[in-house]
Amino acid sequence: MGEAPSRARRRRGEERLRTVVFRDYRRLSNPLGPLTILSEDEVEHIHSFALRLLGEHGIRVLLPEARERFGETGAAIDQDSLMVRLDPEAMEQALSFAPSSFDIFSRNPERDLTFGGRSVAFVPVSGPPHATDLDRGRRPGTLSDFVEMTRLTQSFDVLHLTGATVEPMDVPPEFRHLEMAYSAMTDSDKVPFVYARGNPQVVDCFEMIRLANGVTVDEFRERPFTWSVINSNSPRQLDIPMCQGIIDFATAGQVLVITPFTLAGAMAPVTIKGALVLQHAEAIAGIALAQIVNPGTPVMYGAFTSNVDMRSGSPAFGTPEYVKASIAAGQLARRLGLPWRSSGPTSSNAPDVQGAYETMMSLFGALMGGANMVLHAAGWLEGGLAASYEKLITDVEVLQMYAESFSPLDQGEAEYAWEALVDVQPGGHFFGTPHTMERYANAFYSPLVSDWSNYGLWAENGSLDATQRANRIWRKVLDEFEQPPFDSDRLGALTEFKERRIREGGAHPVS
Amino acid sequence: MPREGSTREGRRASRGGGGIHQQAWRRVTNPYGNTAVLSEDQLETIHHASLRILSEIGMDFLHPEALAVLGDAGADVESGTQRVRFDPALVMEHVSKAPSTFTLHARNPEHNLTVGGNHVNFCSVASAPNSSSFENGRRPGNFEDYQNFLRLGQAFNVVHAFGGYPVEPVDLPPSTRHLDALAAFVTLSDKVYHAYSLGRGRILDALEIVRIGRGINREQLATEPSLFTIINTSSPLRLDGPMIEGLTEMARMNQVVVITPFTLAGAMAPASLAGALVQQNAEALAGLAFTQMVKPGAPVMYGGFTSNVDMKSGAPAFGTPEYTRAAMAGGQLARRYGIPYRSSNATAGNAVDAQAAYEAEMSLWGAVLGGANLVMHGAGWMEGGLVASFEKFVIDVEILQMMAEFLVPIKVDATEMALDAIAEVGPGGHFFGAAHTLERYETAFYAPIVSNWQNFENWQLAGGMTADRRAEQVYKQVLSDFEPPPLDGGVAAELADFVARRTTEGGVPA
Chain A
5 MGEAPSRARR RRGEERLRTV VFRDYRRLSN PLGPLTILSE DEVEHIHSFA
55 LRLLGEHGIR VLLPEARERF GETGAAIDQD SLMVRLDPEA MEQALSFAPS
105 SFDIFSRNPE RDLTFGGRSV AFVPVSGPPH ATDLDRGRRP GTLSDFVEMT
155 RLTQSFDVLH LTGATVEPMD VPPEFRHLEM AYSAMTDSDK VPFVYARGNP
205 QVVDCFEMIR LANGVTVDEF RERPFTWSVI NSNSPRQLDI PMCQGIIDFA
255 TAGQVLVITP FTLAGAMAPV TIKGALVLQH AEAIAGIALA QIVNPGTPVM
305 YGAFTSNVDM RSGSPAFGTP EYVKASIAAG QLARRLGLPW RSSGPTSSNA
355 PDVQGAYETM MSLFGALMGG ANMVLHAAGW LEGGLAASYE KLITDVEVLQ
405 MYAESFSPLD QGEAEYAWEA LVDVQPGGHF FGTPHTMERY ANAFYSPLVS
455 DWSNYGLWAE NGSLDATQRA NRIWRKVLDE FEQPPFDSDR LGALTEFKER
505 RIREGGAHPV S
Chain B
63 MPREGSTREG RRASRGGGGI HQQAWRRVTN PYGNTAVLSE DQLETIHHAS
113 LRILSEIGMD FLHPEALAVL GDAGADVESG TQRVRFDPAL VMEHVSKAPS
163 TFTLHARNPE HNLTVGGNHV NFCSVASAPN SSSFENGRRP GNFEDYQNFL
213 RLGQAFNVVH AFGGYPVEPV DLPPSTRHLD ALAAFVTLSD KVYHAYSLGR
263 GRILDALEIV RIGRGINREQ LATEPSLFTI INTSSPLRLD GPMIEGLTEM
313 ARMNQVVVIT PFTLAGAMAP ASLAGALVQQ NAEALAGLAF TQMVKPGAPV
363 MYGGFTSNVD MKSGAPAFGT PEYTRAAMAG GQLARRYGIP YRSSNATAGN
413 AVDAQAAYEA EMSLWGAVLG GANLVMHGAG WMEGGLVASF EKFVIDVEIL
463 QMMAEFLVPI KVDATEMALD AIAEVGPGGH FFGAAHTLER YETAFYAPIV
513 SNWQNFENWQ LAGGMTADRR AEQVYKQVLS DFEPPPLDGG VAAELADFVA
563 RRTTEGGVPA
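Chains as they are written, first to last, in our numbering: chain A, 5 to 515; chain B, 63 to 572.
Think of the hints as simulated: they come from the structure by calculation, not from any bench.
Treat the hints with caution; some may be incorrect.
Claimed, not checked - To list a few chain A residues with every Cβ distance to chain B over 12 Å, as calculated:
hint, residue
1, A54
2, S159
3, N298
4, D491
What the hints assert, rightly or not - So the derived label-pair ranges between C-beta atoms look like this:
hint, chain 1, residue 1, chain 2, residue 2, range
5, B, G303, A, M441, 32 to 38 Å
6, B, H110, A, P299, 23 to 29 Å
7, B, D138, A, G121, 34 to 40 Å
8, B, R114, A, P113, 44 to 50 Å
9, B, G179, A, S85, 49 to 55 Å
10, B, P191, A, K480, 31 to 37 Å
11, A, D427, B, D134, 57 to 63 Å
12, A, R30, B, H110, 34 to 40 Å
13, A, D427, B, D559, 52 to 58 Å
The beta-carbon is built from N, C-alpha and C at its ideal position, and this holds for glycine as well.
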């Protein structure tokens, strides 16, 4: 990148940095597509093979209560192998209870969301053990990183829900859920995510969210205020925390995103089609369990099929196979009549050009496949092992660009610009026409990170690449951050609860 | 064993680019259909508004020959000016004569291109005045860089054609530059290429070079489109003289004319997407109709290059949400007239960074799902077209390969669904050693040329190189391994004689 920019140049760069422009990206609808990549016959084929797989070969279920619930619907249970063979008709019936569309509620009603149809919502990266940025390097995640990531998430409208952006490794495991939920509820007013790491932690988090929303226990059960992701242990296994998570969330009427992690060539067959059959089967089993526990539980069909590099065994994301699998997953989810979740991952180790093009490919698959929720849409690096501050910003730019692409062309006659076209003579220009002047400020998408200046000006401003510019943006956003308003009684109750539970020793995760 | 049509062929490691594993040469088609951003009503509104522009405002044609052709065909040439107004029916009558699909012939018949339908052809970067590489920095274009870009374009199979000079070889004298530059297409490549419409003389030389390169006579050339030219209108609503001369000679010889208005909303076009599209469509229709007046049935393409300027600075922007929607809308308009469509892979980025990648992907997304049959500037373009970058070329090749692989449909059958393998591998197990896996080990998935999928620790141990640096290694290896495609000795001699003679004659005075 050449020599470090001089102080004066850097300052000029900072001045040029626009204060973040907010457009209304709060409730997005995607009018494009969805593309189809499977014929209707092929969709039926995969669906029937998945049911056959569950019926003839079964799925291993490690939690006794979950096996019992499946048993109540006529599943054949082998108590030695813990294999549960699921009756196809019982599965179809359970699936029929799942709503095709549902709302999720926030402590700020402006952040409420609908999942279903053409709705789409973006969630930042979730789950990495590491945080990384240009200033502080790559390190194990801390609570301070989690708080900063939550604040960045809160600051951009195009991120619709908060996620478990980075694991706060410096907080003892028994207190971690309390600190994460507290930050999620105070640094943001968006719908929070809760990990299903055993019943005691889930109960704590539900209580904190209930207090933050100022609702009664009954009101909390009547409407979803939070969500979690359940990953199956592919192939064909639901372990104890997953089953418990499904039961806990379904019982409380909260949102479950059932996501098999089917890496073709590793935990799934080495063809995308084979991986899709496995994904579909595991998703059906998890969704059915939720519906058996509590018919009508809001669920999403989760898809995370990608492939490994067959030479090294490394997982790959944003590949052509990943894109095709996403679009196919959308078709399979629509076959079940369910909203569905996709992702925006990359395998890149740096927030570089590979990180950008792989994420673009992933998002392309998600959005052209009609995904209703896109998880890991901002900040994901290293196949999910690091949360990158700079990548979060460049990804926000990409998400905003996609969001803008969803807006229809203006219908008004004036937009056809007849007067301007008549005014300007052939070979002239439109800079000063009334049509242009009227639209000057808002005619086009105004970028967050992209620098469209010419090379000379760009070089004069320090030759900062997009990642370096993103660094300045997140620092500015954090510097200027203010917590969203919070009713003081609710905040007090929330704080009191968290402090009491810490005094009581918190709750250990169950695995 | 089940096969997926061209999939396996495409995945078979090919060494066309020296030691680099890449996709084999193949024709890329889009089986998934096109994305529509305009409703049928909006499409018709734009269609009628653009015809109204041509009928009420008209367009300037800056060449007396063109005015004569237009007048003879029944257009209304305003006397004493260069303004031409068109009756809507006249425009549509002539536009309807254009073929909906045609073949572009390369000197190597395996590299012939189908243009039309759901075919997608990718071109290299074209027309950059500067080149750049990490090693030698940013510099004015020169013939050495020019030839190296030709070598890259020839070596990478996913680059189907050259959409012009990748970089302008400004160290060559202007009067004979086209002779050396065009001859290099023949000697360093056997793919389809483009000639600039910068006046009659240069296009006539280009037609002769493409004829010699293919080893055919003029009659055969006139039945086999083998060369294409981009005609940019001088927006708004003007077509310049040198472009008109090039268009005319190309059409007369039945060669491919791509009419591409450069309609930057907010500068050369109104500051709304709809307005810019109306103007793009008016200029494209006028150019297409004029081409058909010169020679009915001549192969033409509808080019879309509508983007917007940054309204705060006036800087042109590419790969924006507006650009992407304009690209998709352009495809709808081209299909409205049954004419093959050209789009681009453009970015305003100044570095081989995240911005360059995401803007390129936004552009390609618009092009591929918008139904583009020819994607100009597919590999290597930066800085809004002011630079051809060696590293970005390789990055774009990776992206194009991924797009091409994405466009190979999934086929569902029992074997590929691997039910036996799923049953064989128990719950919680893995598929690494399954028979189904071992059979497909090498060709199962897309193999990247730049992307690195190592974990962080291994990546760091190996030097922690970012993708732009890895791309540098790739292009250098491809160049060092490069061997030009075979060229018939007689053709080479005839070409050398022609270039020598025309150079002695002074080429085409600037």
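Okay, which hints does this one fail, numbers in order? 1, 6, 7, 11
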